[in-house]
Structure formats: structure tokens, C-alpha cells
Amino acid sequence: GAVVSQHPSWVICKSGTSVKIECRSLDFQATTMFWYRQFPKQSLMLMATSNEGSKATYEQGVEKDKFLINHASLTLSTLTVTSAHPEDSSFYICSSKIRQGYEQYFGPGTRLTVT
Amino acid sequence: RKEVEQDPGPFNVPEGATVAFNCTYSNSASQSFFWYRQDCRKEPKLLMSVYSSGNEDGRFTAQLNRASQYISLLIRDSKLSDSATYLCVVNDYKLSFGAGTTVTVRA
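In the order they appear, the protein sequences are chains A and B. Numbering-wise (this note's numbering), the first sequence opens with residue 1 and increments by one. Numbering-wise (this note's numbering), the second sequence opens with residue 1 and increments by one.
Read the hints as simulated data drawn from the structure, not as lab findings. Wrong hints could be hidden among the right ones.
Claimed, not checked - Only pairs whose alpha carbons sit at most 27 angstroms apart, straight line, appear in this in silico BS3-like list of lysine-lysine:
hint, chain 1, residue 1, chain 2, residue 2
1, A, LYS66, B, LYS79
2, A, LYS55, A, LYS20
3, B, LYS42, B, LYS2
4, A, LYS41, B, LYS42
5, A, LYS41, B, LYS79
6, A, LYS55, A, LYS41
7, A, LYS64, B, LYS79
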């Protein structure tokens, strides 16, 4: 199957700082990438959908000014958590969709801890 | 009502046992369904798609009941390596995930 990478795999930061998470599709071009968040023992929740070359579409309740998404190329999308707070601590997972397909391929996730 | 609901379990079964669990979905117009597997602190991995007629992949069998709006997953001859959380996923314009059913297979 297709390979999606994320970097970093885990990060600890202080409250008030910003954190950037990268999501890359390694062996295919991804026109669409998705960002999810998962709190312990809860389901993955879609935060936003990013399309290469256009603005991301955010789900209801997700602050676009706090979670900045940039999908600058067909292989890279970034999520920046601005002014992070402890309640932003979570498992952030991206996924990519192959141009003609509907299956999503998930990255390994980034565990963010804000102290 | 949540879009996708699952019994969280855990289901603790001995090796070799059969375990089955369901997932209900709220949108009667949903057409596309999947089961994903998620290991602790890892990303979800696609286990199998769920087809209207039901489908089998080795020891795993998935069924869809549109009338009652649920899908099921059955695991036969459980292995220790089957221990994981199984996520029910409904694909409408986006993927909607259940919170998962935890299965623990013991030796």
C-alpha cells in the first residue's frame, strides 16, 4: 500500500508555543490530505481537509486560526498548532488519498504533549 | 446521536475462540463501510471493506445490515496477534470513525 510519513512522531512543548507537524506522501501524489485528532479512548475526529493549492476546509468547531494547514505540494501538508495549550495535547494523524482512489492511507501519527 | 457507535468492550477471549461485535451508524444513506484495526499508540490500518453481500478475508468476516443500520465483524480462530482495537468506519463525504472495540486474545 501507499506510504505516508509524519514528522515528528512525538513532541513535547511548552504552553504558548507553536508546533508544526509535517505529513508526506512518499510514493504517490496526494491531491487531498486529511488531519485527524484522537484523544485517549476516543474516536478519530476529522479536523480539516486540505487540497493542494487551495485553502483547507475545517470541520465545525475547529479553529482555523489556531490550527493552520498548508498543503503546498502534492506530497506535503503541514499542520501548525499555534499557541498550544495543554488541552491541545493529543494524537494527531494525517491521511492521504490517491488521486483516483477513495482509500485513505494514514500516517503513523504525532503525539503532542503540551506542558 | 453519534454518527458511528461501537461497543467499547473489552472482549477478552482465549486463543482459538470466535469473537464478534457490531457497530451502528446513523445515516441511512451511507453507502461505504470499513473496518480498521488500531494498535496501541499507532495509526489505524485498513482491515477490510464491508460489502452489501457480506465478505470474508481469511479468518475475518464482515456483514452489513442496511435495514437495521449496523455492520459486524467476526473473527474466527483468534490469534494473540488479533489483540487490538477495531474501528468501524463509515465513508460518506468524510470518514466517520467509531471509538473502537477493544479485543484482547489471551494464551
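Inset, instruction - Please work out if B/LYS42 and B/LYS2 have their alpha carbons no farther apart than 27 angstroms. - result: Measuring from Cα to Cα gives roughly 24 angstroms; hence the hint holds.
Inset, instruction - For the pair we were handed, A/LYS41 and B/LYS42, check the Cα-Cα distance against 27 angstroms. - result: With Cα atoms ~13 angstroms apart, A/LYS41 and B/LYS42 stay inside 27 angstroms; holds.
Inset, instruction - Please work out if A/LYS41 and B/LYS79 have their alpha carbons no farther apart than 27 angstroms. - result: Answer holds: A/LYS41 to B/LYS79 is near 23 angstroms, not above 27 angstroms.
Inset, instruction - Compare the distance between the alpha carbons of A/LYS66 and B/LYS79 with 27 angstroms, and conclude whether the hinted pair is satisfied. - result: 43 angstroms, violated
Legend entry - Distance restraint between A/LYS55 and A/LYS20, which requires alpha-carbon spacing of 27 angstroms or less: This hinted pair holds, its Cα atoms lying about 17 angstroms apart.
Legend entry - Pair hint A/LYS64 and B/LYS79, alpha-carbon separation not exceeding 27 angstroms: At roughly 44 angstroms apart (the allowed maximum being 27 angstroms), B/LYS79 and A/LYS64 break the hint.
Inset, instruction - Mind checking the alpha carbons of A/LYS55 and A/LYS41 for me, to see if they're no more than 27 angstroms apart? - result: 31 angstroms, violated
The structure fails to meet hints 1, 6 and 7 from the earlier list, while all remaining hints are met.
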